[in-house]
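This is what each chain is made of:
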Amino acid sequence: MKYIYRLLLIFFFAGTVLPVFASDDEHAEHDSHNTHQKEKFEPGSFIMDHIADSYDWHIFTVGDFHATVPLPVIVHSQNSGFHIFMSSNFHHGHSAYKGFSIAKEGKYKGKVVEMVKGHEVRPFDISMTKNVVAMLVSMFILLWVFISVAKAYTTRQGKAPKGMQSLVEPIIIFVRDEVAKPAIGEKKYEKYMPYLLTIFFFIWLNNLMGMVPFLPGGANVTGNITITMVLALFTFVITTINGNKAYWKDIFNTPGVPWWLKFPIPLMPLVEVMGVFTKPFVLMVRLFANITAGHMIVLAFVSLIFIFGQMSPGLGYGTSVVSVLFIVFMDMLELLVALIQAYVFTLLSALYFGMATEEHH
Amino acid sequence: MGLVTPELGTFIWMLLSFGIVLLILAKYAWKPILNALKEREESIEDALSSAEHAKEEMAELQADNERILQEARKEREAMLKEAKEMGSKLVSEAKQKATLEADKVIESARLNIESEKLAALSEIKVQVANLSVEIAEKILRQQFADDQQQKNYFKKLMDEVKLN
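Chains as they are written, first to last, in my numbering: chain A, 88 to 448; chain B, 69 to 232.
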């Protein structure tokens, strides 16, 4: 546990020291922006800004001072090749750098675009955005926690679990005994355990980190459709690769269905093939929607404070009490959702693996 | 729309890093952890079953002991009984032998006595005969001192013979 505090401290300092470099001498440029913000609070864009990915990691804003951690922008332009620079060069999206800028509206709103002949063109963009960095941080935590736990198992062989080991052991056993074994079966579950454990802990950790409002949390990793897409893709690929004869036979020649549903128009096979793709698709959408929705509700309650605060400061303070109560309630709910969604994703993946490898009865 | 549009950059980062992390975790974390858990469970199961086994063995041993004790007791009883029987048999045999011997002795004694008696009787007979002959001689000597008397007696004897 000691190490976790140390780690958090490092991130906390990284988050407070770096912004000083990032937000030097930018007052002039932000003045107009701030006065614009003060004029009217827009809850829609406020919420979207917080949910969406971004090129820098915003921590807080006090007056004109924006504390942000700049992140590397890596783009490949068809005209000028690869470019790697810090996102602080965009000055929070207000200026262009090397012909690149962050689109303020349109199809590529919030993304890096290149002006080519008066048109906004999206370059090949593999920038380490906020979500990417948060994801990498979470993966670093995963690696560090579980490799050290694994080490504890070898050094403390035959002894009772201790510390972090005793924290994660019941969860690992839960995934094994309550998810993998019943869904896949005693004989074949072992092969899928590493994947199931990895997605379970990855999703859970990122759900939790997404709820923490400061560094290294605050990024909406599991509420990002790309992230959930990759996770679902892994499940899909593993299911498809491991699908046995019975699995494919069930799809293309579904048993227990009247023959005219398969011939001459292969209606059932069509539905079944669609099912193969909808299963991971639903996995992707479920996780994304659940986490994003939770964040949206919390942010909506925060927005309420500003909306009423704009009407009159007193009203704003009054609303804040109610809002904070609701946010606390929502956060409690989200804590639960964080675990449930990790469990559901893992369980459904395990069920799909079980279906793909089931022996015919 | 930006919210639900997958980003290629994020996709590549996630695909690569998740894949790598999955491989590393599988090799260096999950495998040793799951193996250790399995091993521990097996060792606990082993210990439990061996304890159960030991218990059973103990019970068996106890039963064995009890059985051996019982057998020993039975054997002792049998031995005692046998000894008793042997003793009584010996006694009865001895008694029988003694009776037989006694009978024999008595018989021989009886036979002896009988023969002694016979001998004595014959002796007595001889003696009596001699005595009676003597007496008769004496009587005759006295009686046949006179002739008349001799004639009378003779006559009387003759009569008796006729009567017979």
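It is possible that some hints are incorrect.
Claimed, not checked - Straight-line alpha carbon distances no greater than 30 Å define the calculated DSS-like cross-link-like pairs of lysine-lysine that follow: (1) Lys185(B) to Lys274(A); (2) Lys366(A) to Lys275(A); (3) Lys106(B) to Lys278(A); (4) Lys332(A) to Lys275(A); (5) Lys275(A) to Lys95(B); (6) Lys142(B) to Lys275(A); (7) Lys238(A) to Lys249(A); (8) Lys366(A) to Lys274(A); (9) Lys268(A) to Lys278(A); (10) Lys99(B) to Lys274(A); (11) Lys332(A) to Lys268(A); (12) Lys157(B) to Lys142(B); (13) Lys249(A) to Lys99(B); (14) Lys278(A) to Lys99(B); (15) Lys106(B) to Lys268(A); (16) Lys238(A) to Lys268(A); (17) Lys99(B) to Lys238(A); (18) Lys268(A) to Lys99(B); (19) Lys274(A) to Lys106(B); (20) Lys142(B) to Lys246(A); (21) Lys204(A) to Lys191(A); (22) Lys204(A) to Lys127(A); (23) Lys238(A) to Lys230(B); (24) Lys366(A) to Lys99(B); (25) Lys157(B) to Lys332(A); (26) Lys95(B) to Lys246(A); (27) Lys185(B) to Lys172(B); (28) Lys278(A) to Lys95(B).
Hints listed in this document are in silico derivations from the structure and should not be mistaken for laboratory results.
Hints and how they fare:
1. Lys185(B) to Lys274(A): violated, 116 Å
2. Lys366(A) to Lys275(A): holds, 21 Å
3. Lys106(B) to Lys278(A): Holds, at about 14 Å.
4. Lys332(A) to Lys275(A): holds, 16 Å
5. Lys275(A) to Lys95(B): holds, 18 Å
6. Lys142(B) to Lys275(A): violated, 60 Å
7. Lys238(A) to Lys249(A): holds, 12 Å
8. Lys366(A) to Lys274(A): holds, 24 Å
9. Lys268(A) to Lys278(A): holds, 11 Å
10. Lys99(B) to Lys274(A): holds, 17 Å
11. Lys332(A) to Lys268(A): Measuring from Cα to Cα gives roughly 21 Å; hence the hint holds.
12. Lys157(B) to Lys142(B): Holds, at roughly 22 Å.
13. Lys249(A) to Lys99(B): Within the cut-off at roughly 19 Å; holds.
14. Lys278(A) to Lys99(B): Distance ~10 Å between Lys278(A) and Lys99(B) Cα, so the pair holds.
15. Lys106(B) to Lys268(A): holds, 14 Å
16. Lys238(A) to Lys268(A): Status holds; Cα separation ~25 Å.
17. Lys99(B) to Lys238(A): Judged against 30 Å, a Cα distance of about 11 Å means the pair holds.
18. Lys268(A) to Lys99(B): holds, 17 Å
19. Lys274(A) to Lys106(B): Status holds; Cα separation ~14 Å.
20. Lys142(B) to Lys246(A): The hint is violated at about 52 Å.
21. Lys204(A) to Lys191(A): holds, 18 Å
22. Lys204(A) to Lys127(A): Measuring from Cα to Cα gives roughly 34 Å; hence the hint is violated.
23. Lys238(A) to Lys230(B): violated, 157 Å
24. Lys366(A) to Lys99(B): holds, 28 Å
25. Lys157(B) to Lys332(A): violated, 89 Å
26. Lys95(B) to Lys246(A): Within the cut-off at roughly 22 Å; holds.
27. Lys185(B) to Lys172(B): Holds, at roughly 19 Å.
28. Lys278(A) to Lys95(B): The given pair, whose Cα atoms are some 12 Å apart, holds under the 30 Å limit.
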